[in-house]
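Produce the complete structure using the sequences and hints provided.
One-letter residues, chain by chain:
Number of protein chains: 2
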Amino acid sequence: MPQIELYDTTLRDGAQTEGISYSVQDKLRITEQLDALGVHTIEGGWPGSNPKDAEFFRKARRLSLRSAKLAAFGSTRRASAGAAKDPNLRALLAAETPVVTIFGKSWDLHVRDVLRVSLEENLRLIEDSVAWLARHGRRVVYDAEHFFDGYRDNPEYALRTLQAAVAGGAETLALCDTNGGSLPSQITEGINAVQRRFSAPLGIHAHNDSDLAAANSVAAVQAGCRQVQGTVNGYGERCGNANLVSLIAILKLKLGIDCLPDAKLRELTEVAHFVAEVSNMAHDAHQPFVGETAFAHKGGVHVNAVMKNPRTYEHIEPATVGNQRRILVSELSGRSSLVFKAKDLALDLTRDTPQAKRMLRLLQQLEHRGYHFEAAEGSLELLLKRQLKRFKPFFTLGGFRIIIEKRDHKLMSEATIKVHVGKVTEQTAAEGDGPVNALDNAIRKALLKFYPSLARMHLTDFKVRVLDEKAATAARVRVLIQSQDEHESWGTVGVSENIIEASWQALVDSIEYKLLKDRARR
Amino acid sequence: MPQIELYDTTLRDGAQTEGISYSVQDKLRITEQLDALGVHTIEGGWPGSNPKDAEFFRKARRLSLRSAKLAAFGSTRRASAGAAKDPNLRALLAAETPVVTIFGKSWDLHVRDVLRVSLEENLRLIEDSVAWLARHGRRVVYDAEHFFDGYRDNPEYALRTLQAAVAGGAETLALCDTNGGSLPSQITEGINAVQRRFSAPLGIHAHNDSDLAAANSVAAVQAGCRQVQGTVNGYGERCGNANLVSLIAILKLKLGIDCLPDAKLRELTEVAHFVAEVSNMAHDAHQPFVGETAFAHKGGVHVNAVMKNPRTYEHIEPATVGNQRRILVSELSGRSSLVFKAKDLALDLTRDTPQAKRMLRLLQQLEHRGYHFEAAEGSLELLLKRQLKRFKPFFTLGGFRIIIEKRDHKLMSEATIKVHVGKVTEQTAAEGDGPVNALDNAIRKALLKFYPSLARMHLTDFKVRVLDEKAATAARVRVLIQSQDEHESWGTVGVSENIIEASWQALVDSIEYKLLKDRARR
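As they're listed, the protein sequences go chains A and B. Counting from 651, one number per residue, gives the positions in the first sequence under our numbering. Counting from 651, one number per residue, gives the positions in the second sequence under our numbering.
Honestly, I wouldn't trust all of these hints.
[What the hints assert, rightly or not] With a straight-line cut-off of 30 Å between C-alpha atoms, the simulated DSSO-like cross-links for lysine-lysine are: (1) 1056(A) - 1095(B); (2) 1167(A) - 1099(A); (3) 1073(A) - 1095(B); (4) 1056(B) - 1039(A).
Read the hints as simulated data drawn from the structure, not as lab findings.
What follows is the structure, given as structure tokens:
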């Protein structure tokens, strides 16, 4: 049992963010990352509310998680039927997770105005539901929705709802500031009151409506809460949930609570960016601890001081959370990580060669233009090998033309392409569902007779991000493509004002990377 | 003297944000807005550090501010010369502001490693500088840079630096958590220590590197600080400063401190958005209190409860800060939110009409296919009006063709289009940075002579999201376009397997919505 339990609800409460819509595959990928990071409990979804979440739990059984436990989320039973007949509770059991989290009403206002049952009936709903799940061998977390609002309005009743959960056999009582309206001092007061009455381990679930979610969670831990709930990057409805990324860093570095090993903490920035990518959300550059500007120094005074002693303007060492210092004027950062990456690829590159400097400059220029190699390891490897003259292209483009025509409510997309392979020229054409699909079909058709192994590769993911959104339809876009064959999966990237050009770059990298791998394998 | 002094440093510390670069005119406009809002002190810049800030102070004298006082910012004198000869201090006087804020070193680490003077010498720098400014009739705020870090490392010395400022005649001692690394409990501890020694009014200046800036400021006020420093929307270097917008709302609504009249508080959202526009920064939709999604309700459970009683999922009444409730019409939310939305648009639709059922079914089908009306109120209004036969199209499409050609490393995008307006047919062509930009240019060119007001409308945002990413380049995409004219801003949406078709739908909706608005305005 860890001293503090990190409880992630990105896949459930975080999925409520306007604009986020996870596929089952997305959820599985995020689950694996959170497990690898060392999060203790991962709330995967609400199986009773939608079939996608039920499917997630079916597929998640096949994951081999190292340390994390999965939790399924749902509500207490309806007033109209017993626990055994409640479809919501049955779906929770069917999810086959070791932990089940159910929320119930702790605020009498909700019982009266929303549930519209008597205060006593609500207590029975809570106790029954928890008891039924516990009887079926589940560890039950009871989420006391609106606990702090309820405690302010009717403290005695709020505490009685917890009593019902304890009587039912709840393992943990998670106190929720559902509307995000509480101050840290109110959180402390509520928790103290609960502790005077109950000995069960407590959790905290905070929302950020008052800009205080991190502080409220910290106050809760300082008051004795053992379980901290949050979401990666603070995703969640309205103003979001407590940001688990910030909380991990604060617990570990400010409160000295050993919730993750040091080595895992160094993966924090990477995980935060990974989840942002899969969520198709822009990174918040100013995000505490893991944002791109979190350790960026601009003005001369600061830069100068930081060179003398980084502590002067850095509250922590950036590398402890896997982030890095950025000196915006001199751009000194990054070379060691580049060298590290090159070593990874068995490329000959040391820190102080002119090559390393040149390559770093190139990488920085590309990233400045919007390239992003974190999720595009295929493109990064090709870039390094091209620069080190360790790569010979498998084909060159003669040219392509795409025609999209809309007439009589019908839309047609056709691509023609000319490629050279060695001394042979191949020209062909193909249609598609859209311009990029047509181009994809055409290039594969053209290359297949030279490289038959391309038949066993396919694209699995295609993401588009607009970079400078203010420029509207003339804005630059970044295209990320994920591809796979029977051996592995890889990402590639392209950037351009023209979405077709950006897609083309990523497509070409994807094919070249595949062919490079095949050659190495022979 | 107000009970709490709101001290804004958007124009000085906020201007350190990567990406923000204010013109003098921008600064003057923001100053007027902050004054109108009722902010008590406005720190306008560092006149000694750049000529633009000196010019701002010259021009700001001509503003007729209702209540705010201007403050000029600078550092203590250099060690090499007396106060009277220090160009920095002279520039502060020349700014002719009633308040002058100077920062000095309270952390012995900075004195040794950065200033590289003796600890005693640093005390003289502080006292001299404050005294010289006070002697020239200025009210001096002494910003104790890194006070909390200094207090943790060498408490006695940190307090002696404050003693020097008091001896020089400082009116307010502002305690700075410059690196943003402190916890609320540490803020409280530091302030208590200062209060045991000094009776001068205290201020708090917090940074958000630990996601705790708002909480640290609240803790400081609860411990007795009278001056609260912050920036609009939390702009500032690295992770930003304490967000004054959040702080105003918290002080007023959570702590019951009457720092602004109620009527001014209702302007908070507008001021936050105004400053974002002038700063050319995207609004943070999830920003506490004033973000677009701060009171947006999505899930059916929440929508249903909020209809019964808004307090169930709203920590404050949105109108108190000038924001509004948004019921996101989505497949999750059902008929009541649709009826609510229709009422909003003055459309005749009640819950139990067959029309309402039909419309909800249509909406659900569209959302299932990937449409997303949450951020596309323009498309939603058009859809409802089309269904209720309250809309006649302004033009019809004859057809379009887009050609994208890559040859000799050059890429060309050209669109030809034919539209009918009444009985007139217009055919034209345009190039663009990409296929969508070319199409956008062509349709505007074709319609402009019929609808000249389109010249005053422009697209401000363009987002692409791939829906079923597994289908890779054959996947459906959703395009969201944000447009604005001189009156307002609106969103529209399109969905298709073909990104061109999806963009076309959103473009057409954007134009039709604009024309519909114009007609209603006449």
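**Request:** Take the C-alpha atoms of residue 1167(A) and residue 1099(A), compute the straight-line distance between them, and say whether it is at most 30 Å.
**Result:** 18 Å, holds
**Item:** Pair hint residue 1056(B) and residue 1039(A), alpha-carbon separation not exceeding 30 Å
**Value:** Holds - the C-alpha atoms of residue 1039(A) and residue 1056(B) are around 26 Å apart, at most 30 Å.
**Request:** Mind checking the alpha carbons of residue 1073(A) and residue 1095(B) for me, to see if they're no more than 30 Å apart?
**Result:** Since the Cα atoms of residue 1073(A) and residue 1095(B) sit roughly 45 Å apart, the hinted pair is violated (cutoff 30 Å).
**Asked** Going straight from one Cα to the other, do residue 1056(A) and residue 1095(B) come out at no more than 30 Å?
**Response** OK: residue 1056(A) and residue 1095(B) at ~18 Å, within 30 Å.
Checked against the numbered hints given earlier, this structure breaks only hint 3.
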